[in-house]
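Asks: The lines below spell out each chain.
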Amino acid sequence: MPNDTAGVTVTGFKAEVERRGRFRLSDCYQCGKCSAGCPMADYMDYLPHQIVRMCQLGEDSLREKVLRSRTIWLCVSCETCSTRCPKDFNIAHLMDVLREMSLKEGMQHPDSANIIAFHKTFKNSIERTGRLNEFPLAVGYKLRSFDLFSDVMKFPKMLTAGKLRFIPHKIKGMDSIKRIFERCEARTKMKKRGKK
Amino acid sequence: MTKLGYYPGCSLEGTASDYGISVRRMARALGWELQEVEDWNCCGASAAHQTNRLLSLSLPARVLALAEEQGITELLVPCAACFSRLIHANKAMQQDPETAKEINDIIEMNYRGTVSVLNLIEALQKYAMPDIAGKVQRKLSKLKVACYYGCLLLRPPKYTEFDDAEQPSSMEDITRALGAEIVDWPFKTECCGAGFSMSNTEAVVDLTHKILENARHHGARVIAVACPMCHSNLDMRQLDVNRRYEKYDIPILFLSQLVGLALGVPEKELALRKHFIKATSLLK
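Protein chains in written order, with our numbering: chain E, 1 to 196; chain D, 197 to 480.
Since the hints were derived computationally from the structure, they do not count as laboratory data.
As the structure is a prediction and not an experimental result, all values here were calculated from the model.
There's no promise every hint is true.
Claimed, not checked - List of simulated lysine-lysine pairs, DSSO-like, C-alpha gap at most 27 angstroms:
(1) E:K154 <-> D:K406
(2) E:K33 <-> D:K287
(3) D:K474 <-> E:K157
(4) D:K480 <-> E:K157
(5) E:K157 <-> D:K287
(6) E:K154 <-> D:K474
(7) E:K33 <-> D:K354
(8) D:K480 <-> E:K87
(9) D:K406 <-> D:K474
As the list claims (entries may be wrong) - To give a feel for the contact side, a few chain E residues facing chain D, derived at Cβ under 8 angstroms:
(10) Y43
(11) G130
(12) Y141
(13) K154
(14) G173
Glycine is no exception: its CB is placed at the ideal position from the N, C-alpha and C atoms.
Isolated chain D, as found in the complex (with noise of 0.2 angstroms):
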């Protein structure tokens, strides 16, 4: 059995909790076993590290060392944007002693850096692939998918050390695995406006509209993410899009529902219905 130490962070216990209940949902038909980190903090995300550098390493510091003293050596991160925040941290550590004595002094804690950070693309690839292909109970050959991976899980590629950061392709790997058509298009690296979703929704609304168009445009009729941030943009900020320029109705899914859907979890079971735009018609 695959034992995983799990961080789900803010988002996927809140507005993201369909991607927080299809990831369980999802390791427990994969036979993971996630132990969460007891009594986790917020990683602090943009509004720490935005405006105030040793907040942005010593939240997701405390994280990572309360990961260690639970024995934690393999850390999945579903959400984008803690699983940035912690792999800086984590290098800030690693790679230099005076920031790591600074910032465990700041913590309270002695953490020493043993801790390895996941993506949920990365735990797939590595505990999931290749025979997930010979697990699938229901194929998902009607779909065709876009994979779209924003920014954080690639960016900046010194720290994610995963994938290629201009031409990624692991997603679509493990989509092809389930059964599902591809599409090639070239936004999949484009940004979402992120956590600008609320405080500049008109930019938001411009480059959601322009990722969409170009989904569309490549034959999409359902878009992949891992990030909790790239699906409600397009998800919920999708009616903005309707409003403001044309009508679309791309059903956004989590990388977790797919492979849930592919393994013949029931569909209630992933939360699917918590959408904004639904899939409901694709997928009978």
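Chain E on its own, in the form it takes in the complex (with noise of 0.2 angstroms):
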């Protein structure tokens, strides 16, 4: 979609966030319910509708704003706000794009590195086993977020009820698995994060 409604050309950003999230930026009409009932709102520096609305501007120093924000990673995807959404406009599937592209620039806010590091270390179980092991999960997550002594209180509890699950248990595919993750990555031309 390179053209919006009016015939008019829009900028590289607009047309790149559509293109990928398959749908129209123009949609939106700003009402704001989307951030009325948003439970992160609170602790946001951009509110959802107005994400929505630098992504319709489109200009490229709001691109940075937009892909450095804290916003698109404190999203907690609850799709609330594209069950309200008047205009049946899918702002969850929006923020996907946008930390999609965020990772892919390397613009990615420093708040959200412990995210990121869960959201890293959540794959490397699955492309390693198949599946998620939470155990491993948890301490990979500590070590990557140096977040190390939060939650040491609970673990005799999880470890006595038989929670916590030392040998992971590896899947029979396990040659699909990393063909999946090979063509996914390659096909969203990811680059190494951090990079700025």
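With the hints as a guide, dock the two chains, each given alone in a separate frame, to form the complex.
Replies: See the structure below:
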């Protein structure tokens, strides 16, 4: 969708977001209902409808603001916004698109390091065994995020309740999982993390 | 006999093993046969969909394709997050042949879109209601239950195609049929912070506190859930809420545990002891 409904050629940022998201940003008429219902709004630097607005305007200076924002990494994907939007615009999906772009450009906000470390450790577990193994996830996450001591008091209870599995289960179809990861990453053209 | 495909997902085999154990035990009590998808993989959860769209569709697509190959037409997915990822992939492939082709090419399988995905509440609606009321051996009439749906069972409604996204009542219908007392409360679809439990604990403790406070204000003694993340945030993080705010003592039960209890399954077979907040005194 390189052109919007008025036939005006739009700038690169807006077109890229629309192409990746397969939606039309001009559908949003800025009523603010998404921001009103967002459980994470209190923690965000821009409200969800402001992120949509910046994408609609699509200027290059706004591109950086959006992709470097805290907001896109604070969205918890509860989908309240998409559910309530009177124009059926999929804001939660927009956040996914923006996160993917932000990672690709190495623009992630420094405060999002924990969340990104969590996702990375999570995906590593799947890539290695086909499943998420939560004990290695917790340990790996703690090492990556340097958040070593929170929740240690819950550990004995988790252990006695048999909620932690130490030996990861490995699925048989590991070749297929490996190829899925390779293809998805090659086609998304992920750059290494932290590149400015 | 009801025969259903079964995708436990990673949590039900680990930190939410209480959910996994109680779903299987409940299914046995209801006379359901669960056929676990052989060699299933992780759905990718938020780690995939927040960082890589193709991966977020391909991982669940492999599960759906395996289920289809193994002759499964209806797939029970008790974890709300897995349910969400599986229906997203299912719809994306069913509705858009180009996406289906692209994803099938990545997973090297040929998923035709024939599997329908059911969450736990849907499965109970379809295969246990309304006659479950007649099978109740232990009335739960002393329990005042707040049914908590959270996010992903209901949203977005065009994908979940289940209940009312703002005013759901299906879990209440089931819980009422078990003989429990239902609490009417407005926070049943508020978000608990889900997967941020470890990476943004502060926000999760705030959100969880609001939910617990509202449930208690409306008289709830127990909260019923059908999602491992809702459970871990409301149960385990209740300890953090107790430290930061005020003391709560609200046991969080999986819907499968409530159904099991009502059907007369012994408590120890429903893994109730694995919870941080004990339900023991309420069940006497």
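Asks: Now look at each hint and say whether the structure bears it out.
Replies: Results of checking the hints against the structure:
The hinted pair formed by E:K154 and D:K406 meets the criterion: a straight-line CA distance of about 22 angstroms does not exceed 27 angstroms. Note on E:K33 and D:K287: the hinted pairing holds, with a Cα-Cα distance of about 26 angstroms set against a maximum of 27 angstroms. Among the hinted pairs, D:K474 with E:K157 is consistent with the structure: their alpha-carbon atoms are about 12 angstroms apart, no more than 27 angstroms. At most 27 angstroms may separate the alpha-carbon atoms for a hinted pair to count; D:K480 and E:K157 meet this at roughly 23 angstroms.
The hinted pair formed by E:K157 and D:K287 fails the criterion: a straight-line CA distance of about 40 angstroms is larger than 27 angstroms. With a CA separation close to 15 angstroms, the supplied pair E:K154 and D:K474 stays within the 27 angstroms bound. A hinted pair counts as satisfied when its Cα atoms are at most 27 angstroms apart, and E:K33 with D:K354 qualifies at roughly 18 angstroms. Between D:K480 and E:K87 the CA atoms are separated by roughly 51 angstroms; this puts the pair beyond 27 angstroms, and the hint is violated.
As the CA atoms of D:K406 and D:K474 are separated by approximately 21 angstroms, the hinted pair is consistent with the 27 angstroms bound. At its closest, the beta carbon of E:Y43 sits 6 angstroms from a beta carbon of chain D; the interface hint therefore holds under the 8 angstroms criterion. For E:G130, the suggested interface contact is upheld, since its CB lies about 4 angstroms from the closest CB of chain D, less than 8 angstroms. For the restraint placing E:Y141 at the interface with chain D, the shortest Cβ-Cβ distance is roughly 6 angstroms, inside the 8 angstroms limit, so the hint holds.
For E:K154, the suggested interface contact is upheld, since its CB lies about 6 angstroms from the closest CB of chain D, less than 8 angstroms. At about 5 angstroms, the closest approach between the beta carbon of E:G173 and any beta carbon in chain D falls short of 8 angstroms, and the interface hint on this residue holds.
Taken one by one, the earlier hints fail for this structure at numbers 5, 8, listed in ascending order.
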